[in-house]
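A.B. asks: Generate the whole structure from the sequences, applying the supplied hints.
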Amino acid sequence: MLHLQSTEQLLKVIALACAALSVAIGIWYLVRRPHLHRATKTLLLLGLGVFPLIVSLTGNIASFEYTLTRPFCGSCHVMGPYLRDAEDPKSNSLAAMHSRNHKFGENSCYTCHADYQMLGAVTTKMNGMRHLFKYVTEYASTGPDGEGGPPIHLYKPFKSEACMQCHSMTAKKYLEQHADQIEQMRSGDVACIDCHNEVHPLALSRRASARREEK
Amino acid sequence: MKHQMAKQMVLFSVIGTMVAMAFMASSIIFPHPLLLVLAMSIGQGIAIFALALFLLAVALDLQSSGVAYIPVDEPVPETGVEAGTEAGSETPPAPPAP
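Sequence lines, in order, name chains A and B.
Using numbering that gives the first Met the number 0, you'd call the opening residue of the first sequence number 0 and step up by one each time.
Using numbering that gives the first Met the number 0, you'd call the opening residue of the second sequence number 0 and step up by one each time.
Hints are not guaranteed to be accurate.
Claimed, not checked - List of simulated lysine-lysine pairs, BS3-like, C-alpha gap at most 25 Å: (1) A:Lys-102 <-> A:Lys-124; (2) A:Lys-40 <-> B:Lys-6; (3) B:Lys-1 <-> A:Lys-40; (4) A:Lys-133 <-> A:Lys-155; (5) A:Lys-158 <-> A:Lys-172; (6) A:Lys-102 <-> A:Lys-158.
What the hints assert, rightly or not - Here's a subset of chain B near chain A, in silico, CB distances under 7 Å, partners left out: (7) Met-8; (8) Ser-12; (9) Val-13; (10) Thr-16; (11) Met-20; (12) Ala-24; (13) Ser-25; (14) Leu-35; (15) Leu-37; (16) Gly-44; (17) Ala-46; (18) Leu-50; (19) Phe-53; (20) Leu-55; (21) Ala-58.
Calculated from the structure, these hints are not laboratory results.
Heads up, the beta-carbon is just placed ideally off N, CA and C, and yes, glycines get one too.
C.D. replies: The structure is reproduced here in structure tokens:
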């Protein structure tokens, strides 16, 4: 019995089933080479048009959903240390603590690193394409964790808006604790991670190139 | 001539769709970033091109009225329908001679 645990899995099953049907129709045509009767054309329209369209739609949605997850971010080997740290139940880094929070679930990387704007998802995915280009051109053969490649860094400074999705800047406790920096925080001169900088410490310390830079 | 061209186009369209399906299915089964990008760009591009080719082939086929569909040596179905009109029923029957 097939157990579907999420919409993403259901979409994947639909996409694969439609792909199989499309290929089956294609093989039937290649083997039989029937005349182009109306029935043949209708069947080919299903195999070459309708089913591929369903595969494309469901496959795109399922793939997009998967690209939000931590295993996808960790599927490039240079992200290995970051992934291991985030999934380490004993780690006290901010990444690990946030990954243990059920509100983030599997999407902890995306939740903090996605751009927080109306077109945030689009710009984030555009940056993802840039990641892939860099990965292929600069990190392809750089060791199991990408030690031989250049140090990993963000393209632009990490903005506090990502933190403020959950952490309010108007809460009483926050105002009490951040009374000295509140104006600088609001103007953007000071970011959350300027002080709370234990985000990926273990991951960075595991990288040989990062260690060399520290020395 | 047009009918032969249409058949060739359908053949390329079928092969193209199968290649595109292979790209898309592999990206779903093995969701690696590179495969996903290939499926969403090259795979979908091939699929769209194959569909366009198929629609063009159908248009060409309709233009040729389907007269050449059934080879001469193939038996004509005894349904009262003429050989050329089974596949290309768009062709109106010839008017009776005065």
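A.B. asks: All the hints need checking, so say for each whether the structure fits it.
C.D. replies: Going down the list of hints, with the structure as the test:
{"no.": "1", "hint": "A:Lys-102 <-> A:Lys-124", "verdict": "holds, 22 Å"}
{"no.": "2", "hint": "A:Lys-40 <-> B:Lys-6", "verdict": "holds, 11 Å"}
{"no.": "3", "hint": "B:Lys-1 <-> A:Lys-40", "verdict": "holds, 16 Å"}
{"no.": "4", "hint": "A:Lys-133 <-> A:Lys-155", "verdict": "holds, 15 Å"}
{"no.": "5", "hint": "A:Lys-158 <-> A:Lys-172", "verdict": "holds, 21 Å"}
{"no.": "6", "hint": "A:Lys-102 <-> A:Lys-158", "verdict": "holds, 20 Å"}
{"no.": "7", "hint": "Met-8", "verdict": "violated, 11 Å"}
{"no.": "8", "hint": "Ser-12", "verdict": "holds, 6 Å"}
{"no.": "9", "hint": "Val-13", "verdict": "holds, 5 Å"}
{"no.": "10", "hint": "Thr-16", "verdict": "holds, 5 Å"}
{"no.": "11", "hint": "Met-20", "verdict": "holds, 5 Å"}
{"no.": "12", "hint": "Ala-24", "verdict": "holds, 5 Å"}
{"no.": "13", "hint": "Ser-25", "verdict": "violated, 10 Å"}
{"no.": "14", "hint": "Leu-35", "verdict": "holds, 5 Å"}
{"no.": "15", "hint": "Leu-37", "verdict": "violated, 10 Å"}
{"no.": "16", "hint": "Gly-44", "verdict": "violated, 11 Å"}
{"no.": "17", "hint": "Ala-46", "verdict": "holds, 5 Å"}
{"no.": "18", "hint": "Leu-50", "verdict": "holds, 5 Å"}
{"no.": "19", "hint": "Phe-53", "verdict": "holds, 5 Å"}
{"no.": "20", "hint": "Leu-55", "verdict": "violated, 12 Å"}
{"no.": "21", "hint": "Ala-58", "verdict": "violated, 11 Å"}
The structure is inconsistent with the numbered hints 7, 13, 15, 16, 20, 21, although it conforms to all the rest.
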